[in-house]
Each structure stands twice: as C-alpha cells, then as structure tokens.
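Engineer: If you want the building blocks of each chain, they are given just below.
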Amino acid sequence: MGAVEVENLTKRFGDFCAVDHLNFAVETGEIFGLLGPNGAGKSTLIRMLTTLVVPSEGTARINGFDVIKNPNDVRRSIGVIPQAMTSDLDLTAVENMSIFAKLYGIPREKRRRAIDALLRAVDLEQWRDKPVKMFSGGMRRRLEIARGLVHEPSLFILDEPTTGLDPVSRVAVWEMLESLKRQRALTILVSTHYMDEADKLCDRVAIIDHGKLAALDSPLKLKASIPGKNILEAGFSSVPPGWEETLRALPDVADVKAEESVFRISSNNGPRTTTALLEAVRQAGLTLTSLSVQSTTLDDVFVHYTGHQLRDALKESVQYSSSFMYEPKQS
Amino acid sequence: MIRIWAIIERDLRRFRSSPTLMIVSMVMPLMQLVVLGYAFGGKVKHLQLGVLDQDHGGSAIKVRALAQAVAANAQTFNTVQYDDQAAALRDLRVGKINGLLEIPPAFSRKVMAGDNPRIALVEDNTDQFAASALEGSINQMLIPYNRPPVPARLTADATLSVVEVYPYVPYIQYLLPGTIVLAIFVSAMIGGGIIFIDDKARGLHEGYLVTPIRKVELILGFNLAGAAKAILSGLVLVTFGSIIAGIPDPLNLVRLARLMLLVLVTSLALISLMFLLMVRVSDPLVPRAIFGVLNTVLFFPSGAVYPIQAFPPWMRFITTIDPFTYAVHGFKQIILKNTGLMAISGDLAYLAAFTLISMVAATLLFRRTL
Ligand SMILES: Nc1ncnc2c1ncn2[C@@H]1O[C@H](COP(=O)(O)OP(=O)(O)OP(=O)(O)O)[C@@H](O)[C@H]1O
Ligand SMILES: [Mg+2]
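As you go down the protein sequences, you meet chains A and B in turn. For the first sequence, position 88 (counting from the first letter as 1) is numbered 117 according to our numbering, and the numbering increases by one without interruption. For the second sequence, position 251 (counting from the first letter as 1) is numbered 252 according to our numbering, and the numbering increases by one without interruption.
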C-alpha cells in the first residue's frame, strides 16, 4: 500500500479542467515532488488529497483511507501546510502550535513535549514566546512546518513551502524537511515550481502541466531520459541559410532547437561538440555573440516533456494566479 | 470539547494582543449615545418669531405682550417686530425668522364684537421640529389670553390629568437600551463578520479544515468566541452607558446581574445571526458592503429610537422577527423601569430560540470544503 494512491483524479471548475485524470502513487518514505508552473493544478490536486476539494471524478487514497469516504481518517493521518501562510501573526510560536495540537485533540503533556521537540527541530527555540509578526517569511514557514507535525502524521503534504522565500531560507527549509524525514519516518509530498528544489530535494518528481501528468521519475532518470547530456546555448552575429543543418551535423549532437538567433543544442558530449562548433563558426566567418554549456537540468526535462519553458509558463500564467482568496498575503 | 476551546482560545488571544478594533467598537456607540441623546433630547429654544401687527388695537397689544413674555421666560422664541408684510415674508423665506405671527387689521374690533377673531402663524415647515415647537408654544400662549384667570368655579369642560408612573425619562436614557444592543451588534459584525471573512480569505480556515474538527465544533467555537467579545462590549456599555445617561443607581448589583443575563442572551442571538448570514460568504467586501444597511434594517425597526406603533405594517413585520426588538424591549424594561426577569421572560425566550435556530441552520449550511 502506497502512502498516496491516485486514480483518474479529476477536478473541473465549470468547463475548465484544473486537474485532468491523474494517476500516480507515492511510496511510503519518499519525498515526492509535484513540479509545475502557476495554474498547473498543484494546489487543486493537493486540496483534493487533503479533503478540502471534492473531486469531480476518480479517487484518491491516503494511507489506505479514501478521501471521499473516510475524510476524518485521512485528516488524522496527514499534516498539511497550505500554500498561504496560515500562522497567526498576533500569537506566539508556542500558541500557534498549541492551538493546532488541541484541534487534533492531543492531551496536554504530550502536547508540551511535541511542541518543544518540534521547535527545536526547526530551530525556533529562542523564538518560542515571540509573536509571529516578528518573524521573517522563512521563520514563519518553519513554524508552520513544525505546526503541521504536532500530531505526528505519517504523511506530510506541503503546498509550495518555499515560494516567496529568499534562497538562503529556501535551503534552510529543504534541510529541515530532510532531517525531519530522517528522524520521523515521514513520507513527504511537496509541490513546487522551482526546478532546482525538485532536483535536490525529491526522490521522485511528477511534472504537471495544465492539470496533466507530463512525466514521473527520479530527477536523475528524468534527466537521463531526454536526449543529450549537455545543453549548449549559442547566439550568432547572423544566421546563414542551412545553419541549423550544419549544427545538427556536428559530432554528438542529439537535437537542435532554434529561438531566433539563439540555438539550443543538446549534446551527448559537451566538450567535443563545443570544439567542433567553434571551428564551424570560424569557417563560416561568423562571430559568437553568446555561448553557454551546461549539464542537462530539470528545466530541460520540463521543456522536453511539455514543449515549453517553465519560465515562459510562469509568465504566461500570471493571468491564472487564482483569486486573491488563496494568495499568500501578509497582513 | 478541547477543539471548541482551541477555536475560542485562538480568537481571544488574538483579541488580547490587538484589542484596538474591539475598543473602537465600544467607544463608538458611547459617543453615538451622547451625541444623539443631546441632539434630540433638548428643548427647542430661541427660534426667531416675526410679529406683524396690522391692527395696533388693544387686543393686538395684549397678544404682543404675551409673546414678549414667552420670549423673556420660556425663551422658546425671540420676537422680531415687522411693519411691512412683504419684508417679513422675505425674511421667512431666507430663513432669518422661523415663523411669522400676523395680527390682521380689525383684529381688536372682531374681538370686541365676538366675531371669530383670528391671528395667523406663517411657519417655515421645512423643519418639523422647530415648526411644531413654535406652534405648541403659541397655542399655550393663547390659553391665558382666551381665559383670563378667574375665580374657581364649576365647569363642564373635561380636563386630562396625566399621571407619570416613572420618573421623567430624558431622551438619552430612552436611547440607552438601543445603544447597548447596537454596541453588541457592532462587535458581532466585526468579530463574526469582518474578522471571520478576512480569516477565511487569508486561508486561516484552510488550516482548520484539514484537521479532524467537526462542523458543529467549528460553529460553536466561532459563535462562543464572538459572543465572548460581544458580551464584553455589552457590559462596558451597560455600566458606562448607564452612568453617562444618568440612570439612577447605575451600579445596583441585582440589576447588573439581570442585565448581564440579557447581554449574554443578546450577544449569542446577534452573533449567531451574523454567522448564519456569513456562512457561505468568502469575499471580504461583502460584510463591509452590507453592514451599513443591515445595521439600519435591524436597528430602526426595533423601536430603539422611535415607537413601534408609528411603523407601517411591512415594517412591523421586521419588528416582529428582529432580535433587536426583543433585546431593546428587555433592556428598556430593566434599565428604565427596573423590572424583574419575569417582565422580560418572553424576550429571553425569543432570543434563546433565535440563537438555537440560527446555529443549527449555520451548521447545516456550513461547507467543510473550499
Ligand atoms: N475555486 C476555483 N474556481 C475556478 N477555478 C479555479 C478554482 N481554484 C483553482 N482554479 C483554477 O484552476 C487552475 C489550477 O489552479 P491551482 O491553484 O491548482 O494551480 P497551482 O498549480 O497551485 O498554481 P500556483 O503555483 O499559482 O499555486 C488555475 O487556472 C485556477 O485559476
Ligand atoms: Mg498553488
């Protein structure tokens, strides 16, 4: 039995299909990433898994409990961090946690111990009696992570826990999640639109685009599954006719994509292709205006499976960004 | 139980750390009480009454003397003498005088002949209050004119003698019961409406809803937390309001205990009404948009500022179902008449039933999903 089993899970809002017949399973003990741009349907999927949104079609089981038939068993067995920051600014760290512990019906003594241990784990011990309005975004997130674990759930579901945090805080959150997972035998389901986060943090990643599953595997295998090991991005002073064919004919080239005068060349051997490229440029009498050589990243995986770039998708989907009801808002 | 308490605790802790809003909700009704109480309660004085004497006979002089006496003693109006009717009417139009007393030519002759003598009051009726004060005062003035004091004798005229059961109730005291209910309502609107919907919009409820809390527990928690704050502002108003309005013996413990019970029941009724109205709302603009109207629709038909008997039938219908009506009635009984609980048992019963029905309805309507 997986920690999460999703079958044909679908959510429609009117004619619009936010989550489109998803099928996947999260295994116990892994960190599973949902990677997708704004509006991909990550939050909607997570809300269905956490009993907040009723699916239009399909089913999901959490730790064996059906989200529609046994919602209360589901709720007891999961810890959830919604996308919006939901800690109370006027309350202290301990008060925030204690109220949630009470909502889960945890008795006093156990409550106290759980709160102390968790605040230590997320490195907020010195801040325990300070009101949350004094906290930075990263500290607030860490507090919410601690809060989500007060009832010792076996599955921890986080919706974009690092969006809006600075790079240092993001890394701190990752480390926190990894160490919590080691200490507590947790299964973690986390959504993100950061490629590097999915890559570094997750054991397996599901790429979601327009509500559909585009690819699912470990970051390593996903990167290996697309042609080429390196990506060369080269810009030229001018582009003579047939230039793309010339590039394709270079040694070890797997694929070439043109974006105006910039070409993305996937290569199975970066150094060799680069050397040959420089020679070809010299012979054609062109000049290079830019050149970068990188290993394949999840970015390239995303482009490969969805046909567009994540950063474009992010730009395009600004219009999607859901009603302000769900926007994380500081007050 | 522990879950209901968690919801209440969260709310009260938040209130403790930022009480500004609630304090505003108590101070505002007190200010309103004072302003309205003195704005409407006082006697009208120093209106400008033009006097145009076109007769100059003995009777006319007597009328003028009486008017002078009123101006000197009761001071309801000051007199301004005119000789020219056109000038007097012009002044009336532009508001220099509030009314014009015309003594027509041949007035004295008609008085002597017993031929139905008349004087006329031309009044600026755009201000009802000023006009009726003027009218009343001149009618009063004519009584001694018509009936000079005579030795007591048997008369066939029936007279009305009024017995006042309670001490004189100034308008500010009449307003106090309504103001208390209004203060409770304002804090119900802030706590049960605005803060509730803002929390919902900020996603705080999403945090609640992923825990195994039950609908009833949530509704009870929200209602009791809101009621706690409403009770607080009710009690502040009951004590400070009574002192400000000059209710005799405002700190009488027995009466305070009775008032406390009524504050409690009223708070629960109004907060449960609020949650029932808000249970399906998610847009934070909605409560802000409807509150002004809601306030008017519930407050004025309750008889808090004007007698119910003056309302048209459709408004009396609102009066009948409006929890304000029963709360205001209850507070009037206890504050103005110092009655016992028996006199308000009907009010208490209605408010309790209203609370129960609203809470059950809110629980049924509450959606545990987004
Ligand atoms: N209640 C709703 N009614 C109508 N449309 C909705 C509703 N909730 C979400 N959507 C739409 O469904 C799509 C998916 O939204 P969702 O919030 O799941 O995306 P997301 O992947 O979480 O994006 P983000 O990164 O912005 O959080 C969006 O186009 C959104 O506008
Ligand atoms: Mg989202």
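The hints are simulated quantities; they were obtained by calculation from the structure and are not laboratory data. Any given hint might turn out to be false.
[What the hints assert, rightly or not] Using 25 angstroms as the maximum straight-line C-alpha spacing, the simulated PhoX-like pairs for lysine-lysine come out as follows:
#1 K250/A to K229/A
#2 K210/A to K250/A
#3 K241/A to K210/A
#4 K139/A to K98/A
#5 K338/B to K98/A
#6 K216/B to K162/A
Engineer: Look at each hint and say if it fits the structure.
Structural biologist: Okay, the hints, checked on the actual structure:
1. For the suggested pair K250/A and K229/A, the alpha carbons sit about 13 angstroms apart, so the restraint of at most 25 angstroms is met.
2. Between K210/A and K250/A the CA atoms are separated by roughly 23 angstroms; this keeps the pair inside 25 angstroms, and the hint holds.
3. In summary, the hint linking K241/A to K210/A is not supported, as the alpha carbons are separated by about 28 angstroms, beyond the 25 angstroms threshold.
4. This hinted pair does not check out: K139/A and K98/A have alpha carbons roughly 30 angstroms apart, beyond 25 angstroms.
5. Restraint check: the Cα-Cα separation between K338/B and K98/A comes to about 58 angstroms, which exceeds 25 angstroms; the hinted pair is violated.
6. Between the alpha carbons of K216/B and K162/A the distance comes to roughly 29 angstroms, so the proposed pair goes past 25 angstroms and is violated.
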